[in-house]
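Chains Z and P, in that order, give the protein sequences.
Each residue of the first sequence is one higher than the one before, counting from 71 in my numbering.
Each residue of the second sequence is one higher than the one before, counting from 8 in my numbering.
If you're looking for bench data, these hints aren't it; they were derived computationally from the structure.
A quick note: this is a predicted structure, and the numbers were derived from the prediction, not measured.
Heads up, a few of these hints could be off.
[Claimed, not checked] A few chain P residues facing chain Z, derived, Cβ under 10 Å: (1) A516; (2) G745; (3) V897; (4) K899.
[Stated by the list, open to error] Cβ pair distances, simulated, as ranges: (5) L85(Z) / E545(P): 43 to 49 Å; (6) S237(P) / E86(Z): 48 to 54 Å; (7) E86(Z) / G454(P): 52 to 58 Å; (8) Q493(P) / A160(Z): 32 to 38 Å; (9) S237(P) / L85(Z): 33 to 39 Å; (10) A727(P) / L85(Z): 35 to 41 Å; (11) G589(P) / S107(Z): 42 to 48 Å; (12) A158(Z) / F614(P): 52 to 58 Å.
C-beta atoms are modelled at their ideal positions from N, C-alpha and C, and glycine is treated no differently.
Here are the chains, one letter per residue:
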Amino acid sequence: MLVIDCPYCGPRPELEFSYGGQAHIARPANPATVETSDWAAFLYLRSNTRGLHAERWRHVRGCARFFNALRDTTTDKFIATYRTGEPAPAIDSRGDR
Amino acid sequence: MNSWRTDGGGRIDRTRALSFSFDGRRFTGFEGDTLASALLANGVHLLGRSFKYHRPRGILGAGSEEPNALVRVVRDHSRATPNLRATQVELYDGLVAESQNRWPSLGFDLSAVNDILSPLFPAGFYYKTFMWPRRAWHAFYEPRIRAAAGLGRAPEGPDPDRYAQRFAHCDVLIVGAGAAGLAAALAAAASGARVILCDEQPEFGGSLLAEPSARIEGMPAADWVAAQRSALAARPNVTLLARTTAFGYFPHNLIGLSERLTDHAAAPSAGSLRERLWQVRAREVVLATGAIERPLVFPGNDRPGVMLASAGRTYLNRYGVRVGSRIVVVAGSDAAYAAALDLKAAGAEIVALADVRSAAGEAATAAAREASLPVSLRATVLGTSGRLRVSSVRLGTVTSGGAVEESSSVACDAVLMSGGYTPTVHLFSQSRGTLSWNAERNVFVPGKPAERTHAAGACRGIDALAAALADGAAVGSVAAAAAGFQGSTPAFEASAVEFGSAGAPGALAQPGPTPPAKAFVDFQNDVTTKDLALAAREGFRSIEHIKRYTTTGMATDQGKTSGMNALGVVADGFERSIPEVGLTTFRMPFTPVTFGVFAGYARCDLFDPVRTTPTHDWARGHGAVFEDVGLWKRARYFPKTGEDMHAAVARECRAVRTGCGLFDASTLGKIEVVGPDAVTFMNRLYVNNWSTLAVGKSRYGILLRDDGFVYDDGVVARLAEDRFHVTTTTGGAARVLGMMEDYLQTEWPDLKVWLTSTTEQWAVIAVQGPRAREVISPLVSDIDLSPGAMPHMSVGWGKICGAPLLLFRVSFTGELGFELNVPADYGRAVWEAVYSAGRSRDITPYGTEAMHVLRAEKGYIIVGQETDGTATPDDVGLSWAIGKAKPDFVGKRSLERPAMKAPGRKQLVGLLTEDPTVVLDEGAQLVESARQKVPMRMIGHVTSSYASAALGRSIALAMLAGGRARIGETLYVPMPGGDIAVKVTAPVFYDPEGVRLNG
Ligand SMILES: [Zn+2]
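Excised from the complex, chain Z in its bound form (with noise of 0.2 Å):
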């Protein structure tokens, strides 16, 4: 079980919250002027990184706060936690910025 950061709340064990995909996709603001191969890859296409990856998780069961983090998929590393809306911060996977 993972220790995730909450930004609102601090460090929390895993099963308080919820994963919510990757990061940083926005829905287009005007879909309709969309060409439907964005459209079908804004919703079906995402990475599937081998490394530093940048996620959404949900505070469910605190804050219940959207929040995103960069996460190390091959060691579970959380390398930082930050507000939605925010950009991921410019970090490498050793955790320097």
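With the hints as your guide, set chain P with the ligand onto chain Z.
Same frame as chain Z, now just chain P with the ligand:
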């Protein structure tokens, strides 16, 4: 009869004799014995039969590494634990143990014919032999293999014992309370860190408990252990856990511990806990897990009486048991010499000390010479004999040219062997730390940790006593400091008679190029050198593939005694080094863990939370039969005396169609969407146009995902300009709120909207039927219920029996209907008031089954029944609900994708069977013609199917390819009992004009 028990010494209490039985034979042991030591003290070496060949097996080790001596310990018919290692079972008075994997008896096992037929069971035999004919697998091979193979039997009755679970946090968790672990605990505890020290054994001390020569701080090592244990126990910052196995190392330094509390007791007090699961989150973890001796690999090395040298020493020094009187010692490591010396000093005869190396270490050589041990160098073992216990060993010599010559046959009653020690890196490997190769000692030791993990002592190759104590103390200090606690590192003065423990993994030299058949590498899974050679010959190169093909290391012992020898054999075969071959990953659990401790409290009534509605007790009192809907208990039907479900549901349905029915709809999800941007939010989320919904009105809403598929539905009321009362399906309440929060928080954070779950705040009482208004109107105040003032889909605030009332005029039955929303605490009282007010009109409580029939008669869908996550609104005939003028809503863009408009999509239709008494099976497939070859072309499936009282016949809903264009056609439902002809109809069977709900 020979007395195998020594006259004195050991850590057993000779004044406390314990009686026990094994396979029905009665024996006596002593307090402090394990089942294994007590059996050996009685001269019993034969304890079980092997997994595949049913070969007689004895005791190999003295601890958790034991692969052979698996037994079933029986207290009663529901307290019988299989697959326990006899070496870890603490003896108690009255203990009853049975051997496993034998029939009819341990001494004569018919399946031992597998041993003679062993050429038929090579590596991978499951994959090869039983491939054909295919259908014979389930019918024939698998049941027979399962009966013949496999390990012990589970108990018959439900487990009556109690199990607890707890979470714990500490600064330093130390696994293993041997010399290094104790030193680490003393160092970390002195710094003030919160320390947990656990050990799988009942006593702390590890190998020190079997080392009479060891002295620490001027006292015998065992006394020092006891003194330090007391000192640690007195500290408030230290938790000591004996009989506690660290079985798993999980991410972020979470360690699973299984603490056994009563298995050692003769008569556990009633209600006491049997086991406790600890989930420990440690800042720093110190692994002081020790090392395990390797067997040597030679033909017949699995015969009862052939044991690890360390086990022979442990049985002698800790339990006061000589494992034999005429012992052959086979040395692949100096460690074997210590066993030979101790047993000789205890009166056993060492008939040969066959050292497989060209030279032993200096200390071992000198001690052997002084004790006149019959040492021969460059030796090998060619075979053993003895049916149920070893009786002789054939020794050989390896010439300087490398040839193997037979030298002698030696009669004996025990063989002790040592291939050197393997550091116990299971937990470190589980944590995904990388192992590094120590070429000097031929072992893998912890390298780069993946977690905040430190290794100390023998598990990283430091096993001389003084060095292990110093290493433990230093590592304990480092771990405490890493957790933020500084302290001085204690120093311990220690001495012991010690020889080296290094060896070389692999098999002993044999004559001829073909590996011998019965040189066992993995005892528990019956894997031999021949199997490993076969896997290599058949082209397997990766050690991970060889492991799976031969099943070596995959038994419950997790390769503790076999892993390195398998690597050595494979490396020799490929003429590569062991690090080039690589190591497989160890998996949890270190030793098997009971299901009970994982289940913990979550059994029976506590298995899951139960949600009940305010009328639950009333419904129970009125004979309701309940069904589980998620965690909810919902009344399914209310049978009267003598009624079956069919009769009860038919009566309930008739009551709603002709009079008045009463239904608890409280489980419907309810979400309040509030704020100045509430209507914008609802417009963006749901398909409908909410701008045109007036306050005091409601509308059937549909929620899609952005992929365009129906996700949920429900009636949505506008209670104020800025306030919507959204209902969801019973099962969808939590996920709909989650989806709303997702869009609100991450896509539209600028919207001023607040979402609140109100599911459990409201009791919802549905009153449905032509007489519904008559029933409730005497009770309702402040609302005009007349059809003109309160038409279908209107909503109003008022009072009922004095309680606050949010009244919906809605119908999920097609009849005139109301849903009374009252605060949950008033639910039962209002329900009963409505029920008594309706008695004169024959008001009838109905359950979910009647509700389903009534809505199906009207063609109303249930999300998750008619839809399956691939249905669009149009597929289920709901495109009328879409706000076409809206520029966007969740899912709108996807509805424009070509595939979503393609002809031939499955559409909602009705089905009427040709024979009106036939009720179709839900999930049954539709085909155009029943005269097709199997597999037939399936063009649709039945989603709902009931006997309809109102129509006097069966009805069904289905999703059918191009369904709306096929209305009127006859299709077929092929079933095992024959093909059923059905006519495709519109999905509304009853009152298609919808006049009744406007009553
Ligand atoms: Zn939080």
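Cβ-Cβ distance between E86(Z) and G454(P): within 52 to 58 Å?
Violated, since E86(Z) and G454(P) (Cβ atoms, about 34 Å apart) do not stay within the stated range.
State, for the Cβ atoms of Q493(P) and A160(Z), whether the hinted interval 32 to 38 Å holds or is violated.
Holds - the Cβ-Cβ distance for Q493(P) and A160(Z), about 35 Å, lies within 32 to 38 Å.
Against chain Z, run the beta carbon of G745(P) and see if the smallest gap drops under 10 Å.
Because about 7 Å separates G745(P) from the closest Cβ in chain Z, which is inside the 10 Å limit, the hint holds.
Could you see if the CB distance from A158(Z) to F614(P) stays within 52 to 58 Å?
Since A158(Z) and F614(P) have Cβ atoms about 41 Å apart, the given range 52 to 58 Å is violated.
So does S237(P) sit 33 to 39 Å from L85(Z), Cβ to Cβ?
holds (38 Å)
Does the Cβ distance between G589(P) and S107(Z) fall inside 42 to 48 Å?
holds (44 Å)
Using 10 Å as the Cβ threshold, decide whether V897(P) counts as touching chain Z.
holds (9 Å)
Hint check: 10 Å Cβ-Cβ cutoff, A516(P) to chain Z:
violated (42 Å)
Grab the minimum C-beta distance from K899(P) to chain Z and call the hint holds if it beats 10 Å, violated otherwise.
holds (7 Å)
For S237(P) and E86(Z), compare the CB-CB distance with the range 48 to 54 Å and indicate the outcome.
violated (40 Å)
Quick check on a hinted range of 43 to 49 Å for L85(Z) and E545(P), using CB atoms only.
holds (45 Å)
Falls inside 35 to 41 Å, the C-beta gap from A727(P) to L85(Z)?
holds (38 Å)
Violation of the numbered hints given earlier is confined to hints 1, 6, 7 and 12; the remaining hints are satisfied by the structure.
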